[in-house]
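There are 2 protein chains.
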Amino acid sequence: MIEIERKFLVKSEKFISKSFKKTQITQGYLNSDSNRTVRVRLKDHQAYITVKGKSNEAGTKRFEWEKEINYEEAVQLLKLCEDYIIDKTRYLVEYEGHLFEVDIFHGNNEGLIIAEIELTTENEKFEKPDWLGVEVTGDIRYYNSYISNTPFKQWK
Amino acid sequence: MIEIERKFLVKSEKFISKSFKKTQITQGYLNSDSNRTVRVRLKDHQAYITVKGKSNEAGTKRFEWEKEINYEEAVQLLKLCEDYIIDKTRYLVEYEGHLFEVDIFHGNNEGLIIAEIELTTENEKFEKPDWLGVEVTGDIRYYNSYISNTPFKQWK
Chain A
1 MIEIERKFLV KSEKFISKSF KKTQITQGYL NSDSNRTVRV RLKDHQAYIT
51 VKGKSNEAGT KRFEWEKEIN YEEAVQLLKL CEDYIIDKTR YLVEYEGHLF
101 EVDIFHGNNE GLIIAEIELT TENEKFEKPD WLGVEVTGDI RYYNSYISNT
151 PFKQWK
Chain B
1 MIEIERKFLV KSEKFISKSF KKTQITQGYL NSDSNRTVRV RLKDHQAYIT
51 VKGKSNEAGT KRFEWEKEIN YEEAVQLLKL CEDYIIDKTR YLVEYEGHLF
101 EVDIFHGNNE GLIIAEIELT TENEKFEKPD WLGVEVTGDI RYYNSYISNT
151 PFKQWK
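Here the protein sequences come in this chain order: A and B.
Residue 12 in our numbering sits at position 12 of the first sequence; the count goes up by one each step and never skips.
Residue 126 in our numbering sits at position 126 of the second sequence; the count goes up by one each step and never skips.
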């Protein structure tokens, strides 16, 4: 399937009190090349392998394929992943009829908070909550695959 | 699981008449880095995604994880793979109580024939059929992941 999404930094933690769901995510990359990423993710008690293709120029559209896999096997696969493993807490927030996924990063990415909104079409309009910061769609530094190689704390 | 195997070149096509099964394999790599390969394979009418770890020094042992996936989805994933896609015909041959998988490569790997024997322990003894050639276990040029980047016809 094709995934259409836009990505933003987050200005404040006000979104936490609006969130209706919170999940724990641990993920690593078997390939962090942006032409074809291969991600292994633990999400609470479930596990997935996900392949994503190259983004379009605007960074909004991307082929994505995902399959649920055995949790214990995923833990083994994480050991094969490139440095570093990403830990984050994901908050789901509904705002004016749209769903935002907001990730608070931990460990060597402490300080980074990213919100994503999944859209049906590239030009779909949506309202911006006041905690939403600057748009970073298409900026490869905010790809999790990039962050996994170059943690936020190493950024200048 | 850990896969233990040894690999040989093949001197003649005599093995074909001894084979009890023949399958058509098309495969590509989402990552051909020998530290962690990610392979997508079509095998007759089935499809698999396979992750392999780094080999031990002798090249005999390797972590391997495989999962069957939807055929049509695998066809999409093959389009994301690195150059080049590998086509080969696999013959299963039993010889003196051991199973050999013998691959005749096609297309830009025409001329290459490789036999593999899967073993239970690294030191397990087995009889060599007369069509078996020189051992190439651990020689990375004969890894399918290497062949996928550097087809046999390009070798000097």
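Read the hints as simulated data drawn from the structure, not as lab findings.
Hints are not guaranteed to be accurate.
If several chains are the same, the list does not tell them apart, and a pair holds so long as it fits within one copy or across any two.
What the hints assert, rightly or not - Calculated pairs, DSBU-like style, for lysine-lysine (alpha carbon to alpha carbon, straight line, at most 30 Å):
id: 1; residue 1: K67; residue 2: K156
id: 2; residue 1: K11; residue 2: K79
id: 3; residue 1: K18; residue 2: K156
id: 4; residue 1: K153; residue 2: K125
id: 5; residue 1: K156; residue 2: K21
id: 6; residue 1: K67; residue 2: K11
id: 7; residue 1: K18; residue 2: K79
id: 8; residue 1: K14; residue 2: K79
id: 9; residue 1: K54; residue 2: K14
id: 10; residue 1: K14; residue 2: K67
id: 11; residue 1: K156; residue 2: K125
id: 12; residue 1: K43; residue 2: K79
id: 13; residue 1: K128; residue 2: K79
id: 14; residue 1: K43; residue 2: K54
id: 15; residue 1: K54; residue 2: K18
Need the list of violated hint numbers for this structure, in ascending order. Per hint list: 1, 2, 3, 4, 5, 6, 7, 8, 9, 10, 11, 13 and 15 violated.
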